[in-house]
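Take the given structure of chain A and dock chain B to it, following the hints.
There are 2 protein chains.
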Amino acid sequence: MSSFAFNIHYRDDSSSARLGTITTPHGSIETPNFIFCATKASIKGIAPDQMKDCGTSIILSNTYHLMLQPGADLVEKMGGLHDFMGWDGPMLTDSGGFQIFSLGYGSVANEIKGRGLQNRDKSVLKITEEGAEFKSYVDGRKFFLTPEESIKIQQKLGADLIVQLDECTPFHVDKSYTAKSMEMSKRWGDRSLAELKRSDNKRQVMYGIIQGGVYEDLRKESCDYIREQDFFGTAVGGSLGSSKEQMYEVVSYCTPYLHPDRPVHLLGIGGFRDIFAGVRLGMDTFDCVSPTRLARHGWALKKGAFKERINIRNSQFKESNDPVDESCACPCCTKFTTAYIRHLFTAGELLGMQLLSLHNVFTMNRLMSEIRLALKQNNLKELEKEWCVA
Amino acid sequence: MSSFAFNIHYRDDSSSARLGTITTPHGSIETPNFIFCATKASIKGIAPDQMKDCGTSIILSNTYHLMLQPGADLVEKMGGLHDFMGWDGPMLTDSGGFQIFSLGYGSVANEIKGRGLQNRDKSVLKITEEGAEFKSYVDGRKFFLTPEESIKIQQKLGADLIVQLDECTPFHVDKSYTAKSMEMSKRWGDRSLAELKRSDNKRQVMYGIIQGGVYEDLRKESCDYIREQDFFGTAVGGSLGSSKEQMYEVVSYCTPYLHPDRPVHLLGIGGFRDIFAGVRLGMDTFDCVSPTRLARHGWALKKGAFKERINIRNSQFKESNDPVDESCACPCCTKFTTAYIRHLFTAGELLGMQLLSLHNVFTMNRLMSEIRLALKQNNLKELEKEWCVA
Chain A
2 MSSFAFNIHY
12 RDDSSSARLG
22 TITTPHGSIE
32 TPNFIFCATK
42 ASIKGIAPDQ
52 MKDCGTSIIL
62 SNTYHLMLQP
72 GADLVEKMGG
82 LHDFMGWDGP
92 MLTDSGGFQI
102 FSLGYGSVAN
112 EIKGRGLQNR
122 DKSVLKITEE
132 GAEFKSYVDG
142 RKFFLTPEES
152 IKIQQKLGAD
162 LIVQLDECTP
172 FHVDKSYTAK
182 SMEMSKRWGD
192 RSLAELKRSD
202 NKRQVMYGII
212 QGGVYEDLRK
222 ESCDYIREQD
232 FFGTAVGGSL
242 GSSKEQMYEV
252 VSYCTPYLHP
262 DRPVHLLGIG
272 GFRDIFAGVR
282 LGMDTFDCVS
292 PTRLARHGWA
302 LKKGAFKERI
312 NIRNSQFKES
322 NDPVDESCAC
332 PCCTKFTTAY
342 IRHLFTAGEL
352 LGMQLLSLHN
362 VFTMNRLMSE
372 IRLALKQNNL
382 KELEKEWCVA
Chain B
2 MSSFAFNIHY
12 RDDSSSARLG
22 TITTPHGSIE
32 TPNFIFCATK
42 ASIKGIAPDQ
52 MKDCGTSIIL
62 SNTYHLMLQP
72 GADLVEKMGG
82 LHDFMGWDGP
92 MLTDSGGFQI
102 FSLGYGSVAN
112 EIKGRGLQNR
122 DKSVLKITEE
132 GAEFKSYVDG
142 RKFFLTPEES
152 IKIQQKLGAD
162 LIVQLDECTP
172 FHVDKSYTAK
182 SMEMSKRWGD
192 RSLAELKRSD
202 NKRQVMYGII
212 QGGVYEDLRK
222 ESCDYIREQD
232 FFGTAVGGSL
242 GSSKEQMYEV
252 VSYCTPYLHP
262 DRPVHLLGIG
272 GFRDIFAGVR
282 LGMDTFDCVS
292 PTRLARHGWA
302 LKKGAFKERI
312 NIRNSQFKES
322 NDPVDESCAC
332 PCCTKFTTAY
342 IRHLFTAGEL
352 LGMQLLSLHN
362 VFTMNRLMSE
372 IRLALKQNNL
382 KELEKEWCVA
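Keeping their order, the protein sequence lines are chains A and B. Using the working numbering, the letters of the first sequence correspond one by one to residues 2 to 391. Using the working numbering, the letters of the second sequence correspond one by one to residues 2 to 391.
Derived from the structure by calculation, the hints contain no laboratory data. The structure displayed is predicted, hence computed values, not measured ones. There is no bait here: all hints are sound.
Since the list gives no way to pick out one identical chain from another, each pair is judged satisfied if it fits inside one copy or across any two copies.
For lysine to any residue, the following SDA-like pairs were computed, each having C-alpha atoms within a straight-line distance of at most 20 Å:
(1) K221 to Y178
(2) K78 to R204
(3) K319 to H298
(4) K308 to E371
Chain A on its own, in the form it takes in the complex (with noise of 0.2 Å):
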């Protein structure tokens, strides 16, 4: 019997929304949930046990980081992944496309997300049907990845859900590359499924992605393909437009073509309203790198503050013996006053990263919690109310 699973226990009569749980080797995930993204085994600032203290139900790493550095078959001979950083529950590791892509197309996610210029610098070398070549961000070592090679790196890595290679299409491009692009995509789904059969462990489960740009034929075919594999979980990644409202409507053309019964994971997102509109149109997890990020410049994600967030640096705070934010358990609110936070970062203490960045994972957490609550009490459309007010 596989030690994986997905159960639907509920669907939302007005929206695609549903819960469920995602059982893996190493436990279950809750759904709809948030991923944090340990990029180079590591979530910034933040230890394993702190991570589950502030309800952190899995976890995420890059496999594009992790080649380059330690590299794949360091992490295999110190135990895989988990043994490494010592986190033993539920992870997933991407293909590496992502970053490879969109760092040779300017930076990782103003392409994607249709933001900025197209800068392609000289770090992707060649992409072929075989693979991509690209230089190594730390010591200009040249690798080429192919899909088979990034299955190999996963299985190596042995997170227990592990993703296909894809092209990941930039937002600067026509229709007829994307559409090329999302050609590619399916056959290194192929063989990205092949790869892992060869040498299959029953140890890890891999995402198909669908790609097709903003078109909604494309994307239609994209999903199409992909629910029609033998993929355990489904991802929508690719460029999703350059707004809230065309990303929303992109991951509507996909809604109805998914898989009923697999996982969908939205790939990048994880604002408080994208969350809620992804979370209704059939999205199961989300990943970002923004709690954590955010948190280090000085940013604590708030429940009902405009834009979802406070700068913690604001003199407004210079007194305020409250914590950042009142209705919060996390380790940060209830051990110290927003003053204090405040003054580690203005002082460029490192402890006012960790505690923000703890507060901002519960937060995450905290989020996804109540949406599963608010989705079983039917009250989704009030519970957003609460969380964005702008």
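For chain B alone, coordinates are given in the frame of chain A:
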């Protein structure tokens, strides 16, 4: 009855070492012990509960840094340092003198320890009998620190143990300057004590500071003064020479003339060997920024290691499945391999600094705890051989 006490339980036969307990309104400290530096109201990268988990009894914070940022008035408004930073154990603040004079004379520790050349910059604008005028490194504002002002600030900060203002005499001055400076520090000691008495809430007691540079007769004269005034504790400060040997010698000038029943603090010293020497010379507490500073630069303190530490970035640790210190029970050594900690440092991950800081804090607390046990069991020399190999 006073909430403060110092009880000596045991005196060593063959040295001036002793075992004691310092009692404060925020708890007690077994001595010998180490005081960790929360320079700007924060141990760099470590939360108070983590400090406790690593065996910490007492921390200190720096008046100089706090008066500039966020300011003593704000800290007082927030309930004092204990509430502000969430540390409910014993705490010490220094007078501000050390940083003012040492920053004024060049780099902080180099000058005091007789390393480097004199390089007096413009941050100390004027030193007079009245006090010291200096410029803020934060925003260039002018401040004038007198003994009375230092005590008023320390009263606002609210630490249990406070320190008189002194002129921290540098190394590269002649005996006549050192003598005059020491005399002025005596008068500043009187003024500091008088200021505390003016509004003593019985929640703070004061340490006097022994100056006198590297000169035996001046050290004796300073000791005589400090011993005869109504200080709770004694601190040995100022220039201790340019080598470890000279430092031990200068401290040994003081030992015979210290008040026998008061706790003695050796300022700014944190090496294993130096602590063993200091304990034998009758020092009860020590402080130094080194444990957390070394950690942030990738150095792990280690019992029995050459020069007392290892460089975690060393390639010999690339595939090391062992903890940083196999004999250590800290959160870093019990959960992570040296290979992982090395990876965090080579990849520039914040978590590396945090985990190694926990290890170094734990190691200092372990050192002090083993020293206390060895004193009881009369085998300090054997213990020193285990900790200090070169």
